[in-house]
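Peer 1: Chain by chain, the residues run as shown.
There are 2 protein chains.
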Amino acid sequence: MSKILVFGHQNPDTDAIGAAIAFSYLQNQLGKTTEAVALGTPNEETQYALDHFGLPAPRVITAIKEEQADVMLVDHNEFQQSVADIAEAMILAVVDHHRIANFETANPLYYRAEPVGCTSTIVLKIFKENQVEIPQAIAGIMLSAIISDTLLFKSPTCTAEDEAAAKELAEIAGVDLEGYGLEMLKAGTNLSDKTAAVLLDLDAKSFPMGGANVRIAQVNTVDLNEVLGRQEELETAMQAEMTENGYDLFVLVVTDILNSNSELLIAGEQTEAVEKAFQVKLDNNRAFLEGVVSRKKQVVPQLTEAFN
Amino acid sequence: MSKILVFGHQNPDTDAIGAAIAFSYLQNQLGKTTEAVALGTPNEETQYALDHFGLPAPRVITAIKEEQADVMLVDHNEFQQSVADIAEAMILAVVDHHRIANFETANPLYYRAEPVGCTSTIVLKIFKENQVEIPQAIAGIMLSAIISDTLLFKSPTCTAEDEAAAKELAEIAGVDLEGYGLEMLKAGTNLSDKTAAVLLDLDAKSFPMGGANVRIAQVNTVDLNEVLGRQEELETAMQAEMTENGYDLFVLVVTDILNSNSELLIAGEQTEAVEKAFQVKLDNNRAFLEGVVSRKKQVVPQLTEAFN
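As you go down the protein sequences, you meet chains A and B in turn.
Here the first sequence is numbered in our numbering, starting from 667 and rising by one per residue.
Here the second sequence is numbered in our numbering, starting from 667 and rising by one per residue.
Quick caveat, the hints were computed from the structure, so don't treat them as lab data.
The reader is advised that the hints may include incorrect statements.
To be verified - Computed from the model, here is a short list of chain B residues facing chain A with C-beta under 8 angstroms:
#1 GLU780
#2 GLU795
#3 GLN797
Just so it is clear, CB atoms sit at the ideal spot from N, CA and C, and this is done for glycine as well.
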């Protein structure tokens with residue numbers, strides 16, 4: 667098939683959408699006929715970045731079959747995170763920065779993965795290897811992806827390569843990295859118009875831990891008090907979710923993206939595991955965690971160990 | 667773990683061993699501590715190349731556990747083609763040119779695959795991206811791998827990139843590409859001292875085709891008559907293998923690497939499928955196939971279709 671769709675994972679974040687737009691542009695410059703699409707609509711942070719650089723949101727698709735196209739994946743590879751009928755598609759290329767699992771192809775393909783903080787950092791490398799110039803708007807959305815995935819270089823997943831890539835892209839995009847970065851991250855922290863239930867579901871995952879069913883939600887904010895001022899409302903919603911879904915423990919991680927700290931709000935009986943995991947004493951069901959911003963690296967492993 | 671082993675697939679060919687030696691050298695230049703090893707001893711072609719460039723054969727390993735090392739894979743990814751306990755190893759990197767299947771990791775890794783004819787072509791690219799100079803002997807074994815995988819650019823799996831890479835490496839290695847290439851390929855065609863049974867097992871695979879169990883063996887030669895002069899002995903051995911292993915059809919593909927043609931020798935009842943697949947008439951159980959050198963691309967798909 668001559669038509670190729672390029673897309674990131676379900677519930678797309680700024681890298682899933684930004685890397686798709688950038689990699690699709692690059693492929694078109696190299697002579698392919700591709701279209702960047704998405705498996706969902708942009709979140710508020712991503713929409714801010716698209717608007718800032720004058721880019722339209724990619725068309726949303728729900729299946730490949732009706733598209734009559736081959737595919738290129740960015741920012742994911744596991745089939746359960748991809749389009750529903752991915753197993754029947756011809757996958758021509760993958761660019762990603764995650765582990766590889768639940769993935770297979772019938773034919774040789776282009777696969778480019780590196781253990782860096784953001785897919786767009788790898789896409790920048792491929793632009794350079796092919797000596798293709800990056801337009802301002804494309805550089806801008808790639809920069810936005812790196813800022814998003816690394817929380818402006820403060821996440822422990824960030825590497826020196828991500829930071830160097832962001833600086834280079836900020837030059838091309840013509841923006842002040844710190845200033846634009848903070849504004850973009852703030853755009854994703856507009857929580858005041860969301861109900862407690864919506865807020866708890868923005869970015870939540872369940873984890874089995876030593877026999878317990880633990881729910882861990884994370885929200886980014888520029889003001890911890892803006893979120894924690896709604897503690898009572900949040901606790902009521904957490905208790906309701908626990909009853910409804912059988913969670914044994916609900917951990918809400920409220921992350922201050924300006925100062926790179928988090929405050930936990932806990933619901934459930936098994937608070938001892940939380941205190942042990944982070945070596946803190948809960949006070950009013952809350953605890954402050956200095957320097958913690960990554961659920962993947964700084965919350966899940968510690969809590970898992972405390973439960974085991 | 668600080669120790670890292672780099673290796674190719676079981677029954678190693680020249681690319682499996684050459685790409686391991688080259689990629690290990692590159693990683694060491696970049697500051698890692700790696701050792702190129704192998705999952706078997708070199709075949710005669712590979713041994714010729716190693717001797718020519720004064721390289722020792724890599725140490726043979728049978729398991730990772732006892733080595734206390736992390737691993738980097740070249741020229742394969744599927745676990746059943748790798749070391750027995752690969753699933754328990756920490757895989758840091760893969761460089762390959764095959765489909766991806768039966769492969770997974772717990773952590774993000776470096777994965778570099780491209781649909782080219784040889785892994786060493788990709789390794790050359792990574793050398794350049796990292797601006798690491800290639801020593802003469804390393805260039806020589808990488809060149810040998812490309813010649814081997816592409817049958818001196820005559821296989822349909824060969825791309826323009828493979829050919830350009832080989833020319834560049836021949837310069838560094840200081841050899842005449844055509845002259846050296848033919849000598850190396852010939853070194854792998856020393857069949858006269860092998861029994862018919864050994865010859866049939868050098869490079870043989872079984873394929874289920876429309877209910878039939880088809881065995882397809884391939885041998886490379888510089889003189890079709892040298893092999894087909896032993897037709898009677900070969901047919902006896904093919905019949906014996908069919909009885910012993912329940913094959914319905916035995917196809918021996920004798921490939922003339924000088925002229926890029928093959929002659930088939932067939933045992934079994936279902937000769938109609940063979941005649942249909944290649945649009946030929948068998949004469950004395952044999953048929954000449956003009957321009958056919960690749961079992962993967964020019965024999966298996968055609969025969970599969972004839973059976974279905």
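Peer 1: Take the hints in turn and mark each one as holding or not.
Peer 2: Here is what the structure says about each hint:
1. GLU780: With Cβ-Cβ at 5 angstroms, under 8 angstroms, it holds.
2. GLU795: Holds, because the Cβ-Cβ distance from GLU795 of chain B to chain A comes to roughly 7 angstroms (cut-off 8 angstroms).
3. GLN797: This hint is violated: GLN797 of chain B lies away from chain A, its Cβ roughly 13 angstroms from the closest one there, beyond 8 angstroms.
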